[in-house]
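Trainee: Single-letter residue listing:
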Amino acid sequence: MYILKRLAQMALVVLAVTFLAFAAMNLLGDPLTNILGPIATADPADLTEDQRADLIEARETYYLDDPFLVRYGRWLGDMVTGDFGRSFKNDIKVSTELANRLPVTVFLMVYAQIIAVVISIPWAVFAASRAYRFVDKSSTVVSFGMLGIPVFALVVLLFWLFVVRFQIFPLRFDDTDLGSRLWSLFIPAVSLAIPLIATYQRLLRTDLISTLQEDFIAVARAKGMSDRHVLFRHALRPSLFSMLTVFGINTGALIGGSIVVEQYFQIPGIGRAVIEAIIRDDFPVVLAIVVIVSVIFVVINVLVDILYTYLDPRVKLDG
Amino acid sequence: MAPLLELDDVSVTFNTPKGPVYAVNNVNLSVERGQALGIVGESGSGKSVTMKTVMGLLPRTATIGGSVTYDGLDVFDLPSDRRKHFYGVDVAMIFQNPMTSLNPVKRISAQLTEGMKYHDGLSSSAADDKALELLELVRIPDPKKRMKQYPHELSGGMRQRVVIAMALANDPSLLIADEPTTALDVTVQRDILDLLDQLKAERDMAMILITHDLGVVKDRTDEIAVMYGGRLMEAATTGEVFADTAHPYTEALQRSIPDMTMERGTRLTPIEGSPPDLSIKPTGCPFAPRCGYATPECSTAIPDRMPVPGSTTHVFACHHPRGSAGAVQEVNA
Ligand SMILES: Nc1ncnc2c1ncn2[C@@H]1O[C@H](COP(=O)(O)OP(=O)(O)O)[C@@H](O)[C@H]1O
Ligand SMILES: [Mg+2]
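Sequence order for the protein chains is A and B. Residue numbering for the first sequence follows our numbering, starting at 27 and increasing by one per position. Residue numbering for the second sequence follows our numbering, starting at 2 and increasing by one per position.
Everything labelled a hint here was simulated from the structure, so no lab data went into it. There's no promise every hint is true.
[As the list claims (entries may be wrong)] Quick list of in silico lysine to any residue cross-link-like pairs, SDA-like style, CA-CA up to 25 angstroms:
1. B:Lys85 <-> B:Ser126
2. B:Lys149 <-> A:Ile332
3. B:Lys149 <-> A:Ala179
4. B:Lys107 <-> A:Pro294
So that you can see chain B by itself, here it is in the shape it has in the complex:
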């Protein structure tokens, strides 16, 4: 069976007044039904743009290449009856900042129910009942009261719970969560992530969990894709990523995993240097300038994506891989 969602060779270029920005380049991703995929990378790696491509949220300045298929259907060319039910019903998305994700002038109840009314044609009272159930499901204290409140009357954690409830309103088969906890207090972060995990399991829902923190996806996802500079650096099952890391960038991310008990704002070993300028088309590996293993070849040839020998799930794009891929390369040389 085809994967639930599949991105094939997806590229996104923004045409800005200052010239093109190559935000996403030849990215391949897939999510199976009921499975969780983690997308990890520093800020500016193209994670959000990739997901906005799926959700049809890119501005007109974006040129999109490649294909996205959902359940075997071309997402960019959905039949109109299916299109109406694709966003919100098949796929739902949660955004990074709960403080800005809710309409400040609409009551929580209105925001929760509008999707149900629109997609499922629920009556107001049926939708209200379901909304209340959802609020209970996401474990908001005093859900009845929340229904009548406005977003500014709720804390950040509660708002993100509302956003999650909203995303679940039409029982999506795939939930995309774009850094759902980055803007929240550390104490609330774990609660929200656990909640997402639990909901995913209970509803047999597939999930894409985006984060800049490899530690977040470690115990929560089946597969992980590591992005950098708008490119896919490494993709594998979660076990492989940690047990047999191939890409130096993934390695660097592992060293910078913050501890959940740390204060917000502090970091362990941050990766030296800064992410690449995406308005310049790279001639080599985008990570080369910050990579400890880089050789001259790294800045003159873009590494192809290739499988780790012996694995059907593990791919990487690096001239000097670590782990078993590196060992095999040395033997061959």
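Next up, chain A with everything else stripped away, as it sits in the complex:
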């Protein structure tokens, strides 16, 4: 079955990512040093009781007495059951850290994607319905402009304009309720959404223009259906394929972008967590985040596959 095959493929991707990350921690330098820092190599006599306990726990958590592959296998088994170990640098369970940080980032990403989709679809439809005319040509210029600005520059610009200069949006992430969450994350989400909007607009516009040449569009028009109906009810759905594909693939880039954005706006998400973890050399946390991010990527792309069948009944998941 197709869907099972895809799931198996995706599981392989996750496996490869975890393997590489785990290998990096274990084979680049001494794993114990990677996990614990200098105490790993210090003279045991100089260590406190706690530090010695850490040493033993780290050896156990990462199965450092086993051969590499066994070590990987057992660690993977723990991950699957949700046991990500513990950060030895700031003494919290990694799973707790993830549980705190992940929802914020997922919220931000979903927010950005929603903004991107909600803006790009009507924009692309509008441009395609006036293909090669002024509106469409100027749309192209604008969207290329949006694609050209790097995320960090966008972040700085929007932050300065809307937070510092006009003080429309709050300076800090505010998590008191959904409204304040949405409001305080608006500029960060827009920063992430802008290149997405442009990408989606480009892709969808091109696909729409070719769909609009199809006979069934002429048939719908000959039936007297309104322009709106023809565009949104007939042309849109068969034109969403490229956009949907990129939607899935873009998840990776979006996570990259949210590292920048979270850092700049001090949003306590996974992007910021990974930076913090890297700065304090906190390998277990970095490792867990890498794994989680790859799982998110894979899950979204499987969802995209399932969505294909919704978009086009000719695509059979079991075919």
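Starting from the known structure of chain A, fit chain B with the ligands onto it as the hints suggest.
Mentor: Chain B with the ligands alone, transformed into the frame defined by chain A:
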């Protein structure tokens, strides 16, 4: 009473990056209520473009001249309330390729009912009932099942039946069928044509049947218009076209009528040469280079359209007509 649909001196020019394409030139056509008009001509003669002009389906690159009137109303300048009901309700069109005429991502039921809901404001269930009736009317096997299916689950013949049902959804007074069987298997072709004939008769609907095959319209239409190179070559009642052919092009088309029993792809006597390049404005008769009767005059003067003496329905555009028009010309000379 004015004809149901009348095209007067219609011209269409496409402005392409390579220059203008003179796709339709000074075409006059008319269809009476309840009657059938056949438009015949080889591929590239401007038949589809002419009909797209009526249906408002031409791209923005097209410059349109002349006028189209429906029931005495200027089609290019319909009052907005009438406009909404013109396409789909007054006039419906069936296209050449049933494989591409249906939206691949919408169920048959949705495609059949959307026009009824939009134009007649039918409720979903009323529209579904009517759609089912239409599918029965076009004799689709197992209509209930078809409603829930997607186009790719249907054969070409069934799809064309769905397209026909869709065109009938709002009881049009005029049905334009643009080569409705060209893309279908020979065995299905006759069935579909017979179905169209029958529907036309039952519903007292006018029909324009477009084809490249004169044989198709022979027994099915009241009048025939022959087009070539974007021009009207000959127009007459169906009887006159066959009994007293005036134009050499019509004559050539008659010789190339394929037999219904022949395999698809084989031809009888095809007309030598190929249709003209419409990006070049002709200086004479567009058929002259392929015409056995052509004289130097034919490539220097575009023949006017004139009536066959003694007939009020028969017109042709040729310097050297055949049949009775030719005989009269010889007597006068
Ligand atoms: N959108 C267009 N742009 C430029 N030329 C066109 C366009 N549509 C049709 N034509 C040209 O108009 C001519 C007549 O085409 P058409 O009406 O489709 O012929 P037929 O239906 O008789 O086979 C052809 O030469 C075709 O290339
Ligand atoms: Mg055609």
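Trainee: So, for every hint listed, does it hold in this structure?
Mentor: We went through each hint and held it up to the structure:
1. B:Lys85 <-> B:Ser126: Distance ~23 angstroms between B:Lys85 and B:Ser126 Cα, so the pair holds.
2. B:Lys149 <-> A:Ile332: Holds, at about 21 angstroms.
3. B:Lys149 <-> A:Ala179: violated, 52 angstroms
4. B:Lys107 <-> A:Pro294: violated, 44 angstroms
Violated hints, in rising order: 3 and 4; the structure is consistent with all others.
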